[in-house]
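Engineer: Sequence:
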Amino acid sequence: MPISEKHAPGSFCWMELRTTDQDAGKQFYSSLFGWEVMDIPMGPAGVYTIFRLQGKDCAAACTVKEHEPPNWAIYIATDNVDESTGRVTELGGKVLMEPFDVPPSGRMSVVLDPSNVCFCLWQANLTAGIGILNENNAFCWADLNTPDRAGAKEFYSGMFGWTFVTGKDATGKEKDESGYWHIMNGGHGIGGVPPVEYQPRGVPPHWLLYYQVADCRAMTAKAKELGARVLMEPTTIEGQLMFSVVADPQGAAFALFQPGK
223 MPISEKHAPG SFCWMELRTT DQDAGKQFYS SLFGWEVMDI PMGPAGVYTI FRLQGKDCAA
283 ACTVKEHEPP NWAIYIATDN VDESTGRVTE LGGKVLMEPF DVPPSGRMSV VLDPSNVCFC
343 LWQANLTAGI GILNENNAFC WADLNTPDRA GAKEFYSGMF GWTFVTGKDA TGKEKDESGY
403 WHIMNGGHGI GGVPPVEYQP RGVPPHWLLY YQVADCRAMT AKAKELGARV LMEPTTIEGQ
463 LMFSVVADPQ GAAFALFQPG K
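For the sequence shown, this note's numbering assigns the number 223 to the initial residue and increments by one for each residue that follows.
Just so you know, the hints here were simulated from the structure itself, not pulled from any lab data. A portion of the hints provided could be inaccurate.
[To be verified] Below are the EDC-like pairs computed for lysine to aspartate or glutamate, each with C-alpha atoms no more than 20 Å apart in a straight line:
| # | residue 1 | residue 2 |
| --- | --- | --- |
| 1 | K248 | E460 |
| 2 | K483 | D437 |
| 3 | K316 | E376 |
| 4 | K248 | D279 |
| 5 | K375 | E312 |
| 6 | K444 | E357 |
| 7 | K228 | E238 |
| 8 | K287 | D261 |
| 9 | K278 | E238 |
| 10 | K287 | D245 |
| 11 | K287 | E238 |
| 12 | K375 | E419 |
| 13 | K278 | E376 |
| 14 | K483 | E357 |
| 15 | K316 | D304 |
| 16 | K483 | E460 |
| 17 | K248 | E238 |
| 18 | K287 | D243 |
Build out the structure end to end from the sequences listed, making use of the hints.
Structural biologist: What follows is the structure, given as structure tokens:
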């Protein structure tokens, strides 16, 4: 079981469902993935939900304000959130929420990249982030859907030192001729950037989170039975991998990913 007690700077460290119906979200994801639910009272703000898988934190959920559409937010680890937040504006992004403490868990900010893609920066204190990944029913990958791939490359490499490479096999031959970029953080593949022509039309730029599953077709059908809307039917890539994209009953989109054998 891939366990993570600490997240390197530049890695995806937390996934947060921001929804208009938190109770419905808890029911949907616990039914789909078998996640356990732990609610933390937040006073007048209601509760903050921690999802757990195999005894480890794997995601979270909260209720959004009316103006914000349901979505899956992604957090990126940093050793110094104040310094990283300052770098956002230097590189052409915007700050939505200046750094603030989340005692005793850590410190965070909410920012936009130059294409207005939202993400959070997280400096851990007592909470490093998710404790399980790259396992069935856990987070495994994230795609950046942006109309400006060159600008995103410049921004994120400046922010986190990420490199962007195309997929190649052991002989150096391109495995994916589509032009899909793989995001590398310290030598580890953590996500990708699809070519613009493969990105969904009419959808604002965003991060799309992937959750690993044993059977993409079966889990897509299960999600639909639970009230989800299928945005992309199960599709095979590189001859062996399969993924689909669905939106939960409140409208938050995410992907289901079945690794190759």
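Engineer: It remains to establish, for every hint, whether it holds in the given structure.
Structural biologist: Verification of the supplied hints:
no., hint, result
1, K248 - E460, "violated, 34 Å"
2, K483 - D437, "holds, 12 Å"
3, K316 - E376, "holds, 15 Å"
4, K248 - D279, "holds, 14 Å"
5, K375 - E312, "holds, 15 Å"
6, K444 - E357, "holds, 19 Å"
7, K228 - E238, "holds, 18 Å"
8, K287 - D261, "holds, 19 Å"
9, K278 - E238, "holds, 15 Å"
10, K287 - D245, "holds, 15 Å"
11, K287 - E238, "holds, 15 Å"
12, K375 - E419, "holds, 17 Å"
13, K278 - E376, "violated, 34 Å"
14, K483 - E357, "holds, 14 Å"
15, K316 - D304, "holds, 14 Å"
16, K483 - E460, "holds, 12 Å"
17, K248 - E238, "holds, 12 Å"
18, K287 - D243, "holds, 11 Å"
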